[in-house]
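Knowing the structure of chain F, use the given hints to seat chain P on it.
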Amino acid sequence: MLSPACSSRLLPLLAVFFFTATFFSCTNTANEGPIAAEGFTEELLMERLISAVPGQVIMLGEGEFRFTRSLSLDGIPGVTLAGAGADKTILSFTGQTDGAEGLLITADSFTVRDLAVLDAAGDAIKVKDGKAVTIQRVRVAWSGGPKAANGAYGLYPVGCKGVLIEDCEVSDASDAGIYVGQSENIVVRNNLVHHNVAGIEIENSFFAEVYGNTCTENTGGILVFDLPELPIKNGHHVQIFKNEVHNNNFPNFAPEGNMVGIVPAGTGVLVMATRDVDVYDNKISNHQSFSAAVVSYLINQKPYSDPAYDPFPDRISLRNNIIERQPGAGPDSTRALGVLLATLFKGDTPEILVDGIVPPDRALTICIQDNPGTRIATLDAANGYAGLHLDPSPYACTVDPATP
Amino acid sequence: MPVPWIRPLRSALVSAFAGACILLGFALPAWQCATGSKSLQPGFDPDAPPAQYLSEYGFFAGEAMALAPAAGVLPYELVSPLFSDYAEKTRFVYLPPGTQAAYHQQEAFDFPVGTALVKTFWYPREDGQKHLVETRLLLKRKDGWDALPYRWNEAGTEAELALAGARLTVKPSVPGMDLEAFDYVIPNKNQCKGCHSVSGKFAPIGPKARNLNRRLDYGSGAVNQLDYWQQAGILSGLPEPSARPALADYADASQQLNERAIAYLEINCGHCHRPEGPANTSGLHLTSLENDPAHLGFCKSPVAAGKGSGGLRYDIHPGQPDSSILLYRMQQQDPGVRMPELGRQLLHKEGVALIREWIASLPGDCLMP
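Quick note, the sequences are listed as chains F and P, same order.
For the record, in the first sequence the residue sitting at position 140 is 140 according to my numbering, with numbers rising by one throughout.
For the record, in the second sequence the residue sitting at position 236 is 236 according to my numbering, with numbers rising by one throughout.
Hint data in this document are derived by calculation from the structure and do not stem from the laboratory.
It is possible that some hints are incorrect.
To be verified - Computed beta-carbon distance windows for the label pairs:
| hint | chain 1 | residue 1 | chain 2 | residue 2 | range |
| --- | --- | --- | --- | --- | --- |
| 1 | P | 276 | F | 343 | 43 to 51 Å |
| 2 | P | 144 | F | 360 | 45 to 53 Å |
| 3 | P | 230 | F | 38 | 53 to 61 Å |
| 4 | P | 292 | F | 34 | 44 to 52 Å |
| 5 | F | 301 | P | 353 | 30 to 38 Å |
| 6 | P | 201 | F | 320 | 42 to 50 Å |
| 7 | P | 105 | F | 242 | 51 to 59 Å |
Because the structure is a prediction, the values reported are computed rather than measured.
Glycine residues also receive a C-beta, built at the ideal position from the N, C-alpha and C atoms.
One chain only, chain F, in its complex shape (with noise of 0.2 Å):
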């Protein structure tokens, strides 16, 4: 019988996927049987990811295991925590007391699929500072809905070089359903995000694709941002192509203070900051706020000290993407970006927006062409929305394609 060790003869196919080579064989690798549900206790499984071996695969079996502390994996390269079906092998954190994520991951080469993790206090799976992550279909959930009180992230992959999400399903996180921070060479694909703050956010990330997506009923469908004084920032070439973004009207749920707390419900794609952003081919349709939006930091009117940073969008491209906007009803009057949008358009606003917020010294290339039907509003925030327009003409240029 073929060892289900064996399986970690995928590993180098990912890790040259990821150009991070990290080569293991099959040799060393103990051929134990799923973990069954029945008679676990939360320390087996916290031990043998401890004993692990590099390129081990450890099982789950159908049904529900509890946790009251985080899981932890750490140092140990190859790794794959594998269940039986994100319908079937759950791992429930629900009146977890300790730990402020349900699996947290400082390990190369990890991957975790075919689970659903459940409750989390926190959130649900952090790698931090992994090398060639995967995760696959897998799913997070917090079982009371969209709650202030759910954990900020179900998928969360921060200062990784080599992520790969594909086919999961994330739902009710306070903040990004999955969220991808100080990363580079990235893909989020074919997952499906829905009641959370955001859907999708790539921060300060480079070399970025994503696609295939399905966000819907979050506050934002997909955010791409770029924040100040992190280790990591001026985040670039981020493709966000093919993806469906439909109804993300969810009224925002995210504590106050959060950077996400400012998206108006009804936020279809709004790029903050952030250079060589590449929008196209997407379906954006009903948002009550707007459909896409391309803003600077300053928008935010928050201090920051951080000479290294760029605030400013440049060489965007929103192209080719179909638009359709929500019929009747206005943005959302419970955050700034909604009161403004209402006072500015009465009830009719474009559904692109620019903040037209520029540095003194120098000119953004921001290029919106060949979305059928829509209108761009400039908004000239910097100077009272004075010189608001809604003149097209500025945005008609292309981006040289934004390849990683």
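Here is chain P on its own, set in the frame of chain F:
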């Protein structure tokens, strides 16, 4: 799936002593016989797997409850200790005979292979005895530090390796405080690194010059610990006293408020919240070496705090402790909100009061530049 450890020579020795004791008719548990024996030298084989029982290392002299170091093992104390749910902590350092640690001005000293840092967590009991809870070992092996939690038995006679950590109910008896019983958490091996990490490598936190630069009575009057380490031959490269850094003692109200607050933040938060630490992606650096007010949290917006923000806008809002996320999180118990994330189940009243007083004293406000 117990791995068939190859028992290290040391365990064999312990067993041999125990066997001898029993043969000689001592009605003592094996550990007492072993640790009570002068013949068991402290230390460990850096290539051997962890011992199952703490007594096998020989770090304690006599009864464990006495928490006395064996010959060749030195006690040490920190200027400002980490808050650990009001546990008392007894710290030992052991270096192999003839070896030295190299002094470092800012980081933990560079210890030789074979070094052990031994930290025992305990609570005073109402009967005057000690309730020994756990002993955390940091063992320096050839490829770096190994962290091993050991959990004491009820009688406080032996501690057993608990790689996966543990949870137990503790009713602390702290003079002047009425504390309820609570779930004390022994961290698992991975969680140890959740704090002990510098640029992804395991590193000790306590034995830095600025933490050790204080006096301690080794039995014949108080002397400076760093001087003592040097005289004991276990520390090289110690500079003149005037060149040695020192953290403030946050519990000493006669010292400057700002220095006490920074000392508190460094020892409780700075192991993660530093540019090389596990919390570096927050951009919040709570150490005595940080000079940038924004990185210290002044008027800094949170990045990935989620509900940890508590609906507040800034990590530290000068003059406004109750508008500061940092103080908010120090007072919360939800594991997804509280800070520090690990090792704190109880609220540290004195620490909260200190940080509150400090933030209230800070001038200025958070305005757009």
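Going through the hints against the structure:
no.	hint	result
1	P/276 with F/343: 43 to 51 Å	47 Å, holds
2	P/144 with F/360: 45 to 53 Å	50 Å, holds
3	P/230 with F/38: 53 to 61 Å	59 Å, holds
4	P/292 with F/34: 44 to 52 Å	50 Å, holds
5	F/301 with P/353: 30 to 38 Å	33 Å, holds
6	P/201 with F/320: 42 to 50 Å	47 Å, holds
7	P/105 with F/242: 51 to 59 Å	54 Å, holds
The earlier numbered hints are all upheld by this structure, with none contradicted.
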